[in-house]
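J.: Mind docking chain B on chain A? Use the hints.
Heads up: the protein sequence lines correspond to chains A and B, in order.
Its first residue numbered 1, the first sequence is counted upward by one per residue in my numbering.
Its first residue numbered 1, the second sequence is counted upward by one per residue in my numbering.
Heads up, none of these hints are tricks.
Calculated lysine to any residue pairs in the SDA-like style (CA-CA distance at most 20 Å, straight line):
#1 B/K85 to A/G15
#2 B/K85 to A/R301
#3 A/K300 to B/E80
#4 A/K253 to A/E309
#5 A/K310 to A/E289
#6 A/K337 to B/A64
#7 B/K10 to B/D28
#8 B/K124 to A/M1
#9 A/K300 to B/N90
#10 A/K300 to B/T57
#11 A/K341 to A/N286
#12 A/K337 to B/D84
#13 A/K300 to B/D84
#14 A/K300 to B/E87
#15 B/K85 to A/G270
Listed next, with one range per pair, are the computed distances between beta-carbon atoms:
#16 B/D115 to A/H277: 32 to 42 Å
#17 A/S25 to B/E80: 24 to 34 Å
#18 A/E18 to B/E96: 11 to 21 Å
#19 B/E33 to A/G284: 28 to 38 Å
#20 B/R111 to A/P3: 34 to 44 Å
#21 B/Y122 to A/P3: 20 to 30 Å
#22 B/R111 to A/G316: 49 to 59 Å
#23 B/E96 to A/W7: 34 to 44 Å
#24 B/A107 to A/R285: 41 to 51 Å
No wet-lab data here; the hints were simulated from the structure.
Where a beta carbon is used, it is the ideal one built from N, C-alpha and C, also for glycine.
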Amino acid sequence: MVPFSGWNMPVQYTGIIEEHIHTRSKAGLFDICHMGEFFLKGPSAAKELDRLVTCRIDNLPAGRCRYGFLLNDSGGIIDDLIVFRISPEEFMIVVNAGTVAKDRAWIEEHISPGAVFTDSSGDIAKLDVQGPLSGEIMASLLNGQIIGDLKKYYFVRVNIQGVEILLSRTGYTGERGYELFFPATEAVRVWDILSAFDDVKPVGLGARDTLRMEMGYSLYGNDIDEAHTPFEANLARFVFMEKDFVGKEALLKQQREGIDRVLAGFICEGRRSARSHFAVSVEGRNVGEVTSGAFSPCLKRGMGLCYIEKEFVTEGREITLSPREPVQRPDRRTGIKASVKSIPVYKPRENERSQNGTPGT
Amino acid sequence: MVPQELKYTKEHEWVRIEGGEAVFGITDHAQSELGDVTFVEFPDTGSEIKQFGSLATVESVKAASDIYAPLSGRILKVNEALRDKPEIINQSPYEEGWICRISVADAMEERNLMDASAYETYLKESG
Numbered sequence: 001m002v003p004f005s006g007w008n009m010p011v012q013y014t015g016i017i018e019e020h021i022h023t024r025s026k027a028g029l030f031d032i033c034h035m036g037e038f039f040l041k042g043p044s045a046a047k048e049l050d051r052l053v054t055c056r057i058d059n060l061p062a063g064r065c066r067y068g069f070l071l072n073d074s075g076g077i078i079d080d081l082i083v084f085r086i087s088p089e090e091f092m093i094v095v096n097a098g099t100v101a102k103d104r105a106w107i108e109e110h111i112s113p114g115a116v117f118t119d120s121s122g123d124i125a126k127l128d129v130q131g132p133l134s135g136e137i138m139a140s141l142l143n144g145q146i147i148g149d150l151k152k153y154y155f156v157r158v159n160i161q162g163v164e165i166l167l168s169r170t171g172y173t174g175e176r177g178y179e180l181f182f183p184a185t186e187a188v189r190v191w192d193i194l195s196a197f198d199d200v201k202p203v204g205l206g207a208r209d210t211l212r213m214e215m216g217y218s219l220y221g222n223d224i225d226e227a228h229t230p231f232e233a234n235l236a237r238f239v240f241m242e243k244d245f246v247g248k249e250a251l252l253k254q255q256r257e258g259i260d261r262v263l264a265g266f267i268c269e270g271r272r273s274a275r276s277h278f279a280v281s282v283e284g285r286n287v288g289e290v291t292s293g294a295f296s297p298c299l300k301r302g303m304g305l306c307y308i309e310k311e312f313v314t315e316g317r318e319i320t321l322s323p324r325e326p327v328q329r330p331d332r333r334t335g336i337k338a339s340v341k342s343i344p345v346y347k348p349r350e351n352e353r354s355q356n357g358t359p360g361t
Numbered sequence: 001m002v003p004q005e006l007k008y009t010k011e012h013e014w015v016r017i018e019g020g021e022a023v024f025g026i027t028d029h030a031q032s033e034l035g036d037v038t039f040v041e042f043p044d045t046g047s048e049i050k051q052f053g054s055l056a057t058v059e060s061v062k063a064a065s066d067i068y069a070p071l072s073g074r075i076l077k078v079n080e081a082l083r084d085k086p087e088i089i090n091q092s093p094y095e096e097g098w099i100c101r102i103s104v105a106d107a108m109e110e111r112n113l114m115d116a117s118a119y120e121t122y123l124k125e126s127g
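Only chain A is shown next, with the shape it has when bound in the complex (with noise of 0.2 Å):
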């Protein structure tokens, strides 16, 4: 176990190869409970929330969630969230553990009174089941409910054996996969029946890097940040500039004035991996900084995610990356070879990557 974002969680169950790959072939389940829900409720609420999310609210509808971010004045990334629109006239807000004090005070002073803010981070139990087998676990598990046609970011509320669950097709592993938000009191009982099926297997916080890291999503911490705009971490998709939000005066500059550094994928070029804070440097000079590096159990060599200047960010290009700290041995080889790959880095088998996953802390 590991103290994360105030909780303790587990990185490991039985090993972090054996989950990543056991996700990716049949099915994981994942103890998300530290995640943060809002509510905003009101006639005034899509409105509210319309300006302060860089995603578009006004044409959501009921049923349907979508991915985008909470700016700051200059267009840093406050938080990636999911909002679910639950009826026209009420939101659920999906944020990362780790911001959502921060969030919360963001969120409570930039909104008028007319919309009702409640934070149920603390009541509400996050359960993910992801991978090739989980639309067969889920159907088996609703009987007569139907949720076969349930597509990539929409949600239905469900029964399983008498707990009221809102079930979205969403998650941060690039699988097919769902997330399942109920009353935190019954979290061990749907532990419990969902750990039941013998395709399912618990899968910890390593194995959800790793799987996140596959696909290129963002780790909010590491890989964006109140330093990096949406544009500057390649998330542009995700911010709907055809109407008015917090931050969207400092992202219309940076679209004038063009930005220094992107965030690309990237793998190495062995087993030898990069980690967060690698120098990125190309011909001896520096041009970036590794902000996520993982060992790929699916490709089995370096993988990660670095900000690295743009005119590097062509297929293929050779770049070396570096410990900072200095090198004790001097026979060690510091540099490792990598190049820039386009995300994802890893294709799973069906295509679930039209859009982003969750937010990931």
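T.: Same frame as chain A, but now just chain B:
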């Protein structure tokens, strides 16, 4: 239970002393703390090493850890099988998963190592 015939370091390396030579690797405790081993960076064969000096790196999915020489000497051989299958370290840390064979420079250095029962106590104390 750790193998009785081996000597151990505080950094969780084991060493098997065989006359003027020694073979070493990382202990079962070390491999279990690291998790799935994904890469081993070996020292060059023929290079001189100093007792408790860093000489190799073992990477797992999430992190990289330095490996320290249990004795001073010269690298005779590294375990080539680990290049393609570093997970052998997880499966068989004391046998198939050995990392280096060295020639021992100073047999007296063995006194700086723990025997099996001292290492077991050390494991218990470091919790």
